[in-house]
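Asker: Residue numbers (this note's numbering): 67 to 177.
In short, the hints are calculated from the structure, not lab data.
The beta-carbon is built from N, C-alpha and C at its ideal position, and this holds for glycine as well.
Heads up, a few of these hints could be off.
Label-pair restraints from in silico Cβ distances [what the hints assert, rightly or not]:
hint, residue 1, residue 2, range
1, 150, 125, 29 to 35 angstroms
2, 166, 70, 16 to 22 angstroms
3, 175, 104, 38 to 44 angstroms
4, 94, 122, 30 to 36 angstroms
5, 114, 91, 28 to 34 angstroms
6, 73, 107, 38 to 44 angstroms
7, 67, 151, 35 to 41 angstroms
8, 154, 126, 30 to 36 angstroms
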Amino acid sequence: MFVARSVALFVVAALFEIGGAWLVWQGVREHRGWIWIGAGVIALGAYGFVATLQPDGDFGRILAAYGGVFVVGSIAWGVVADGYRPDRWDVTGALICLAGMALIMYAPRDH
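With the hints as extra help, turn the sequences into a complete structure.
Answerer: Here it is in C-alpha cells:
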C-alpha cells in the first residue's frame with residue numbers, strides 16, 4: 067500500500083509540475099497570454115502541495131526521487147503534447163533515472 071500510494075502521488079505531482087511548466091512555456095514562448103501563465107503558476111503550486119502528501123517524511127529524499135519521475139514524465143509529456151520522439155538514449159537515460167528513483171524511495175532501510 068505504501069509503494070502504491072507513493073507512486074500515485076509521484077504521478078499526480080508530475081502532472082502538476084510538468085503541466086504547470088508547460089502552461090507557463092505556452093503562455094510566454096508561444097504567446098498564449100497571462101491566463102496560460104496563471105494556470106501554470108497555480109499548477110506548480112499544486113505540485114508543491116502534492117509533494118507534501120508523500121508517506122515518507124524526508125524532504126530531500128522525496129525531492130531527489132521525484133527527479134527521476136520528472137525525467138520520465140517530461141519525456142512522456144513531450145511525446146503526447148508536442149509530438150517529441152525520444153531516441154534510444156532518451157529512453158535509456160529515463161529508465162536509469164527511474165531505477166535511481168526506485169532505489170532512493172523504496173530500498174530497504176535499517177530504521
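Asker: Next step is simple, just say for each hint if it's right about the structure.
Answerer: These are the hints, each one checked on the structure:
With their beta carbons about 31 angstroms apart, residue 150 and residue 125 fall inside the hinted range of 29 to 35 angstroms. With their beta carbons about 20 angstroms apart, residue 166 and residue 70 fall inside the hinted range of 16 to 22 angstroms. At about 41 angstroms, the beta-carbon gap between residue 175 and residue 104 stays in the expected band of 38 to 44 angstroms. Take residue 94 and residue 122: their Cβ atoms lie about 34 angstroms apart, and the range 30 to 36 angstroms holds.
Checking the proposed 28 to 34 angstroms range against residue 114 and residue 91 shows it is violated: the Cβ atoms sit about 18 angstroms from each other. The hinted window of 38 to 44 angstroms between residue 73 and residue 107 is violated, with their beta carbons roughly 26 angstroms apart. Between residue 67 and residue 151 the CB atoms are about 37 angstroms apart, so this pair conforms to the stated range of 35 to 41 angstroms. A hinted range of 30 to 36 angstroms holds for the C-beta pair residue 154 and residue 126, which are about 32 angstroms apart.
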